[in-house]
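Asks: If you want the building blocks of each chain, they are given just below.
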Amino acid sequence: MKTAVIVFPGSNRDRDMFHALELITGSRPQHVWHTESTLPDVDLVVVPGGFSYGDYLRSGAIAARSPILKDLVAKADSGVSVLGVCNGFQILTEAGLLPGALMRNAGLTFVCREVLLETVNTATRFSEKFRKGQVWRCPVAHHDGNYFADADTLQRIEDNGQVVFRYADSTNPNGSINDIAGIMNEKGNVLGMMPHPENLVEPLHGGLDGRLLFESLLDAA
Amino acid sequence: MKARVIVTLKNGVLDPQGKAIEGALGGLGFSDVGSVRQGKVFDVELSGTDQAAAKAELEQMCEKLLANTVIENYAIEIA
Numbered sequence: 000m001k002t003a004v005i006v007f008p009g010s011n012r013d014r015d016m017f018h019a020l021e022l023i024t025g026s027r028p029q030h031v032w033h034t035e036s037t038l039p040d041v042d043l044v045v046v047p048g049g050f051s052y053g054d055y056l057r058s059g060a061i062a063a064r065s066p067i068l069k070d071l072v073a074k075a076d077s078g079v080s081v082l083g084v085c086n087g088f089q090i091l092t093e094a095g096l097l098p099g100a101l102m103r104n105a106g107l108t109f110v111c112r113e114v115l116l117e118t119v120n121t122a123t124r125f126s127e128k129f130r131k132g133q134v135w136r137c138p139v140a141h142h143d144g145n146y147f148a149d150a151d152t153l154q155r156i157e158d159n160g161q162v163v164f165r166y167a168d169s170t171n172p173n174g175s176i177n178d179i180a181g182i183m184n185e186k187g188n189v190l191g192m193m194p195h196p197e198n199l200v201e202p203l204h205g206g207l208d209g210r211l212l213f214e215s216l217l218d219a220a
Numbered sequence: 000m001k002a003r004v005i006v007t008l009k010n011g012v013l014d015p016q017g018k019a020i021e022g023a024l025g026g027l028g029f030s031d032v033g034s035v036r037q038g039k040v041f042d043v044e045l046s047g048t049d050q051a052a053a054k055a056e057l058e059q060m061c062e063k064l065l066a067n068t069v070i071e072n073y074a075i076e077i078a
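Residue numbers (numbering that gives the first Met the number 0), protein chains in the order written: chain A, 0 to 220; chain B, 0 to 78.
Calculated from the structure, these hints are not laboratory results.
In this text, a Cβ means the ideal position worked out from N, Cα and C, and glycines have one as well.
Heads up, some of the hints might be wrong.
[As the list claims (entries may be wrong)] Pairs of lysine-lysine residues, derived as DSSO-like cross-links and limited to a Cα-Cα distance of at most 30 Å, are as follows:
no., chain 1, residue 1, chain 2, residue 2
1, B, LYS54, A, LYS69
2, A, LYS186, A, LYS128
3, A, LYS186, B, LYS1
4, B, LYS39, B, LYS63
5, B, LYS1, B, LYS54
6, B, LYS18, A, LYS69
[Unchecked claim] Negatives, chain B to chain A, calculated, CB over 10 Å:
no., residue
7, ALA2
8, ILE5
9, PRO15
10, TYR73
11, ILE75
Turn these sequences into a full structure, and let the hints guide you.
Replies: Following this line, the structure appears as structure tokens:
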């Protein structure tokens, strides 16, 4: 599986993602700087976590208007897999690739801890290796992870099975509506999530729970 | 030409920062504060002189960048 990671000024989880992708796919991802106009021909494009543009204006807002985003939207339209983690999720919502918005955490504090996630939809290329309802550990580290969508949008994404991951066992760290931790687009090829699966992929991380997401993508490619 | 863009959260969108400010004002003894909603103000200087054209352009700026219309409303004032 060929992969690419987009890097913005202020991205800081790009190397974690690079490492996880290389470890699990066995091939080196390509780094793509945000001012590039075209993405390489790959199976998966990842928008990593961090604080692109210092979270100025709104988290992800400026990055979502970067030159590379045009081609990301085109690639997403053509069916290429796109994964946005943390700031990447914020960028994908700001770019209109995913519905809703990510707001300031309800508790107003930056949360850096481990949460439990439930995989609620396993019929996706991002989650097919999970058991339905499987609860797994995953770290979070964010200030703006409070997912919000208006009532109609929320109803639609719930009915369509676009909610893939929810915070489980009362571990919702940010007040997200319906405990939403990760959603995909209607077509099922773009997924955004606040937690960091790339940070739980080898024994030194203290667990391997995040591997299933990448192994699902590897399987589907 | 000078313009001011005011971006506010839509009704029904939770504003945890506004809530915290509301609580702090209460703590300072401002007991008649019913609620506080936090927003943003952008002062924009434009080189043109056509007000209608400026307003149309500012609307585009709001739609494309200054506001996230999923959660925010905007208002434009031209001086």
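Asks: Against each hint, give a clear statement of whether it holds in the structure.
Replies: Checked hints:
1. LYS54/B to LYS69/A: 27 Å, holds
2. LYS186/A to LYS128/A: With Cα atoms ~19 Å apart, LYS186/A and LYS128/A stay inside 30 Å; holds.
3. LYS186/A to LYS1/B: Not OK: LYS186/A and LYS1/B at ~44 Å, beyond 30 Å, violated.
4. LYS39/B to LYS63/B: 16 Å, holds
5. LYS1/B to LYS54/B: 11 Å, holds
6. LYS18/B to LYS69/A: Outside the cut-off at roughly 37 Å; violated.
7. ALA2: It holds; ALA2/B is separated from chain A by about 17 Å at its closest Cβ, greater than 10 Å.
8. ILE5: The claim stands: ILE5/B keeps its Cβ more than 10 Å from every Cβ of chain A (closest is about 15 Å).
9. PRO15: 5 Å, violated
10. TYR73: 13 Å, holds
11. ILE75: The assertion about ILE75/B holds, with a minimum of 17 Å to chain A.
The earlier numbered hints that this structure contradicts are 3, 6, 9.
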